[in-house]
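Listed in order, the protein sequences are those of chains A and B. Going by the working numbering, the first sequence opens with residue 1, and the numbers climb by one from there. Going by the working numbering, the second sequence opens with residue 1001, and the numbers climb by one from there.
Please note that the accuracy of each hint is not assured.
When the alpha-carbon atoms are kept at most 27 Å apart in a straight line, the in silico DSSO-like pairs for lysine-lysine are as follows [stated by the list, open to error]:
(1) A:K97 with A:K178
(2) A:K33 with B:K1032
(3) B:K1363 with B:K1422
(4) B:K1275 with B:K1348
(5) A:K23 with A:K33
(6) B:K1036 with B:K1157
(7) A:K308 with B:K1275
(8) B:K1105 with B:K1137
(9) B:K1363 with A:K23
(10) A:K325 with B:K1036
(11) A:K23 with B:K1364
(12) B:K1364 with A:K19
(13) A:K112 with A:K88
(14) B:K1137 with B:K1157
(15) A:K24 with B:K1363
(16) B:K1275 with A:K24
(17) B:K1036 with A:K19
(18) A:K178 with A:K114
If you're looking for bench data, these hints aren't it; they were derived computationally from the structure.
Now for the letters of each chain:
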Amino acid sequence: MTNSVDTVLPRSEVTERIKLGLKKRHRSELIFKSFGLTALTVGFLLVFFLLFDIISKALPAFHQHWVKLEVDYSAANLGYTDGDSLDKLSYRGTLRKSIYNQFPEVKSRKDKRKLNGLYSSNAEFAIKDYLIANPDVLNTEQYVWVRLDDDVDVYLKEIESLGEPLIRIDATEAQWVKSLVENDYIEKRFNIEFFTSSDSREPELAGVRGALTGTMLTMLVTLILSFPLGVAAAVYLEEFAPKNRWTDIIEVNINNLAAVPSIIFGLLGLAVIINVFGLPRSAPLVGGIVLTLMTLPTIIIASRASIKAVPPSIREAALGLGASKVQTAFSHVLPMAMPGILTGTIIGMAQALGETAPLLMIGMVAFIVDIPASVTDAATVMPVQIFLWADSPERGFLAKTSAAIMVLLGFLFIMNASAAYLRRRFESN
Amino acid sequence: MTTTNLMFIVVFIALISYWLGIQRAIRVAGGKKKIKDLISLPSQYGLLTAFWCGIPAILFLLLWSGIEGSVVDSLLIDHVALSLDGQTQQNMGLVVNNIKNLAEKIILSEDLATATALQLQHAEYYLELSDKAIWLKTLLTLIIAVSCVSIILAKIKHSFHARNNIERIVRGLLFTCSGIALLTTIGIVMSVLFESIAFFSKVPMTEFLFGTQWSPQIALRADQVGGSGAFGAIPLFVGTILISTIAMFLAIPVGLMIAIYLSQYATPKVRSVAKPMLEVLAGVPTVVYGFFAALTVAPLIRDFGITVGLPIAAESALAAGLVMGVMIIPFVSSLSEDALTAVPTTLKEGSLGMGATPSETIKKVLLPAAIPGIVGAILLAISRAIGETMIVVMAAGLAANLTFNPIESVTTVTVQIVTLLKGDQEFDSAKTLAAFALGLMLFITTLALNIAALKIVRKYREQYD
């Protein structure tokens, strides 16, 4: 024995020494534990801060201020003679006149231009659509509701929520807006157009429908390709593959592929799928293929784990009763592994849904107003739309971006919750 | 007829042939009651027929669409070359493109006033060619599908082993699917490697790897100022390292402490709340983190800098790095937790039984035992930080400053890849190719980190298994 403490010190003194150190040790225990708790709290605070920040920024986007215009639909005003098509009348002039009528005191050219800026640029189409929908209002005066310009809209929203607007608008403009509000010419409505209209350069007109459709198409391609491919690969590797070098290579390869940065898949898509195979740029088809390659490792790994968890007795029973290996795999093992496979697939799809970087490479960043109708049309997807809006300098896009994020997070939440539900439900069985 | 439509038709024919196969099998057996005389089930004969109808036809279709473009092009070039003199043959690519554009105009019946008679004639020839190609494609696909079906139908006999045949096909299909992952890797390596080689033939590799000046604009005119086209990637590497380091400074302590607390101290109730919280952090798309970094964290940090009198850049490395750290916390914590729980409980119980406090057990027993797993986790996290794109694209700058100062603006490898490739690009300029060279560096680095991490983790696992 090299340790002399045991032999030299009497037992009571050892206890005494331990007791002396105990207080310090317990204190350091407490400190260590509180570090852990602090880290956890930091995590919670970050989640809350992130969600609170986004939701509070997003809420204004779900409402939109509309302004009432007294439009004089007289034939003289519109330049209308009998038999003319209602499509090509002078709506801009009519709009301007009705705005000037509302503010008779405005005379100078500069102020008039500012006055026109109070209204959304699509106001002339709004009064046109109103006339086309109700042709009998010709030669009457009508109240038509049109959208306010995004800056004014943000100004009013910030007055409501903060009291003091952060955005600066001109003093005369503020005066006009004030008088409009006082005369009940301005109304706040639920912004349904956010979900039904497509992208636009004007924040007050921009909506997510185009991006949502693009996302749906891209996800459809991804699901159709990645699910069968992933499951087939997993079944082969678990049930059929001989233990040899080839299988080893594939296995290492799948693990490495799962950790390759997503942007590299974008380079692959650009160099191979677009330039070599000649598929169209910006198309959901290409996006779907790139995302498939990216999510395949996730699906394969999850499916393999799930297949591995099927008890061997099931296989042995099937084989013993004369089923072939293929029959065993497809009729007995696969159905039992399905919940796990589905969970893995949903998680993989959720990853693909939020992915942005590779889609930037293959040209899905274009400004696209049309709603894509097929997988080869030019399209954009939700995360890319968020990226594009976040880059826009107009203040109105801030709320739109956050609202789009909320929509995206909503979808992700649904997908992850259903994956968790599936897992729990089949675990308990 | 487009390839997609043809595919649908092939699938339809396959469905019909499934039914045909079943009918044929029943007829061979001599009625529904005698099907047990057959060696396989009728549906297996049907499936085999469907496979034989669909697979060759679809393979042919894919092959055809792969080579159609180049064959049509070379035929067109042969035709055009006859009527053009040698001088214009050099810009044949341009001529061919013009012809294709013209052909599109003819299809859309747009104004053709600017085209010459010769061009029109070429465009007509091109349209004729593509028309023929489509007919040939449709015809051949249908012939293949139908003939395969008839061969198989003729083969169906009492003693024909349909099931064994199907299973051989199924195994082949499964094997092919498992090879796709390998093909992806090969595709990645090929695409970045070839473009990088093309890049290094324009810009020497030493200049790329050791140069300290990055400004990828190439002069369009000889007298243009500022378009020097310097491709020294050192500032990008330094920027990437700086931002990843900041991220790791946040993610490693917080992630590791969360892992320790959750695996050693937390009650099941705390765990049931904390786990979903981490899943939320892990599941938030990176573009959302980018938005958060650019529009919330960066202004906050800048305002803070103003109050303490520090000039912090609007796109400081600090903002991007901190948010990236937040993104990586769940990654570090879940992998470290796995490493900690993998340590045999006997070690832990032994230490606790000797009178050590839980924190002493963790510090002196669990952590040393789990260190390989934790190092693996950290390596994977670093590889993730290096490859992360959206946060830095949105929150870090574009200017390639060579600095280690976290309150200045730096740029990263991924930011430059995105900036160089976003939008339209021509494939022969050094600017575009530079993105692939950067991609190659990124791929090599992350691959090395991943392999190292997997090796460490595997080795450590063997110790306790």
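Hint check results:
1. For the given pair, K97 (chain A) sits about 21 Å from K178 (chain A) by alpha-carbon distance, which is consistent with the 27 Å threshold.
2. With a C-alpha separation of about 75 Å, the suggested pair K33 (chain A) and K1032 (chain B) falls outside the 27 Å cut-off, and the hint is violated.
3. Simply put, K1363 (chain B) and K1422 (chain B) have alpha-carbon atoms about 48 Å apart, too far for the 27 Å limit, and the pair is violated.
4. In summary, the hint linking K1275 (chain B) to K1348 (chain B) is supported, as the alpha carbons are separated by about 23 Å, within the 27 Å threshold.
5. Restraint check for K23 (chain A) and K33 (chain A): the C-alpha separation of about 15 Å stays at or below 27 Å, so the hint holds.
6. Distance restraint check for K1036 (chain B) and K1157 (chain B): the Cα-Cα separation of roughly 13 Å lies within the 27 Å cut-off, and the hinted pair is therefore satisfied.
7. Pair hint K308 (chain A) plus K1275 (chain B) holds up; C-alpha atoms about 25 Å apart against a cutoff of 27 Å.
8. The straight-line distance between the Cα atoms of K1105 (chain B) and K1137 (chain B) is roughly 24 Å, inside the 27 Å bound, and the hint therefore holds.
9. Our distance criterion of 27 Å between C-alpha atoms is met by K1363 (chain B) and K23 (chain A), whose separation comes to about 18 Å.
10. A threshold of 27 Å between alpha carbons decides the hint, and for K325 (chain A) with K1036 (chain B) the separation of about 22 Å falls inside it, so the pair holds.
11. Between the alpha carbons of K23 (chain A) and K1364 (chain B) the distance comes to roughly 19 Å, so the proposed pair stays at or under 27 Å and holds.
12. A distance of roughly 20 Å separates the Cα atoms of K1364 (chain B) and K19 (chain A); the hinted pair therefore holds under the 27 Å criterion.
13. Between K112 (chain A) and K88 (chain A) the CA atoms are separated by roughly 24 Å; this keeps the pair inside 27 Å, and the hint holds.
14. Taking the CA atoms of K1137 (chain B) and K1157 (chain B), the gap is near 33 Å; set against the 27 Å cutoff, the hint is violated.
15. Between K24 (chain A) and K1363 (chain B) the alpha-carbon distance is near 16 Å, which keeps this suggested pair within the 27 Å criterion.
16. Pair hint K1275 (chain B) plus K24 (chain A) does not hold up; C-alpha atoms about 32 Å apart against a cutoff of 27 Å.
17. A hinted pair counts as satisfied when its Cα atoms are at most 27 Å apart, and K1036 (chain B) with K19 (chain A) does not qualify at roughly 85 Å.
18. Between K178 (chain A) and K114 (chain A), the direct Cα distance comes to roughly 15 Å. Compliance with the 27 Å bound is thereby established for this hinted pair.
Going through the hint list in order, the structure does not satisfy hints 2, 3, 14, 16, 17.
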